[in-house]
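Q: Can you build the whole structure from these sequences, using the hints too?
Quick note: the sequence shown uses this note's numbering, first residue 1, plus one each step.
Note that these hints are calculated values from the structure, not bench results.
For glycine and all other residues, C-beta sits at the position ideal for the given N, C-alpha and C.
Be aware that one or more of the hints could be misleading.
[Stated by the list, open to error] Label-pair distances were calculated between CB atoms; the ranges are:
#1 D3 / S107: 42 to 48 Å
#2 P91 / G271: 33 to 39 Å
#3 E264 / V25: 39 to 45 Å
#4 H195 / R56: 36 to 42 Å
#5 D357 / A326: 20 to 26 Å
#6 L256 / G150: 15 to 21 Å
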Amino acid sequence: MSDLAIVAEKLDAVDELAGRRAEFVLDTASDRAAGAAGVYLDGNSLGALPAVVPGRVEDVVRRQWGELRIRSWEESGWWTAPERIGDRIAPLVGAAPGQVVVGDSTSVNVFKALVGAVRMAGEGRDEILVDATTFPTDGYIAESAARMTGRTLRPVAPADVPGALGERTAAVLLNHVDYRTGRLHDLPGLTAAVHEAGAVAVWDLCHSAGALPVGLDEHGVDLAVGCTYKYLNGGPGSPAYLYVRRELQDRFDSPLPGWNSHAEPFGMRTGYEPAPGALRGRVGTPDILSMLALEAALEVWDGVSVEAVRAKSLALTDFFLECVAAYVPAGRVECVTPVAHEERGSQIALRCDDAGDVMKRLIERGVVGDFRAPDVLRFGFTPLYVGFADVERAARVLARTLG
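A: What follows is the structure, given as structure tokens:
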């Protein structure tokens with residue numbers, strides 16, 4: 001056993017979150033056939049399955065839908081699921097109850113939030129700033145929102161946002177963590193700068209929620225969106241969420257007013273009157289099957305503090321970099337993720353000339369990460385189920401694959 005393998009064993013022995021691993025389905029048939037446990041480092045794309053979910057989904061399908069049928073809208077709590085599950089997510093992003101509603105996709109919620117932000121900013125402000133390094137969809141939607149609202153769109157690197165703000169700025173759409181590099185942006189500082197300029201701050205939390213403290217209420221974020229299938233383990237295509245700060249809820253004018261966000265949804269009135277609070281972020285009928293699978297998945301967070309998750313995340317990524325430096329031939333990969341803790345999310349991105357082929361071979365050998373064009377190996381570290389022995393093994397297999 002190598003020295004680093006011994007270190008990993010000791011770190012796992014004192015890990016306060018180690019027991020959470022048993023709450024996930026990780027030991028697959030393909031792993032057993034290969035004779036070794038796999039290492040899943042792609043939870044920043046799709047989180048592992050919480051063990052409680054299959055039984056809960058079976059109950060939703062067989063009993064709630066199969067037996068109770070339409071009665072489940074009331075008797076099984078289907079109707080209130082969007083705000084109820086929103087309140088389960090709220091503490092994970094640093095929000096008090098009543099400000100998060102679950103439903104629709106991240107893309108749809110980005111559209112709602114950004115157009116709503118522009119409408120709150122008023123007619124005198126004619127420019128939207130968007131993170132120039134953003135996930136492509138956010139950029140597409142920002143461009144469409146600008147056209148629809150008659151604003152000009154300006155892509156700006158997050159670090160350059162303070163200098164780009166001005167009297168023309170209506171809203172700013174930023175990513176908390178860069179999806180490609182894992183860089184953590186300064187949410188408190190950038191939000192304060194946006195507010196000082198009189199603009200509205202919209203944050204995309206897809207790569208931070210469930211991996212590190214966000215502090216939406218503490219830092220006065222106006223609106224935020226995020227997915228639930230990454231670090232929140234809600235399942236493929238699980239519904240996203242929308243946060244609207246309580247003080248702004250009466251002013252939030254959604255560009256997608258639907259019957260589910262009406263003050264009297266069953267009144268069937270021709271005129272639209274928005275519901276109070278976060279409910280006005282709803283649109284149409286909730287996607288109950290995936291929503292209740294998410295609700296079950298969130299039970300793995302019971303008794304877990306985001307601060308403990310963040311501490312382990314940093315320890316895991318530090319240890320991975322140490323192992324890579326020890327095992328991988330010098331010059332074969334380059335880390336593009338910031339080393340400084342205050343600038344790092346919960347992933348490590350390594351630049352490698354033949355990254356696409358390398359990742360294919362890693363997956364064949366049981367280490368699952370992902371590839372981002374043109375040359376990035378991306379490894380996500382989900383502290384609830386990734387251990388230090390996983391990290392050491394991943395680095396060892398990487399070195400052998402690159403050898």
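Q: Can the suggested window of 39 to 45 Å be confirmed for the beta-carbon pair E264 and V25?
A: 43 Å, holds
Q: Using the C-beta atoms of P91 and G271, is the stated range 33 to 39 Å upheld?
A: Roughly 36 Å apart at Cβ, these two residues keep to the hinted range, so it holds.
Q: Does 36 to 42 Å hold as the CB distance between H195 and R56, or does it fail?
A: Distance hint for H195, R56 holds at roughly 41 Å.
Q: Return holds or violated for the Cβ distance of D3 and S107 against the range 42 to 48 Å.
A: 47 Å, holds
Q: Honestly, do L256 and G150 meet the 15 to 21 Å range at C-beta?
A: 18 Å, holds
Q: In this structure, is the beta-carbon distance linking D357 and A326 contained in 20 to 26 Å?
A: 24 Å, holds
This entry satisfies every hint, going by the numbered hints stated previously.
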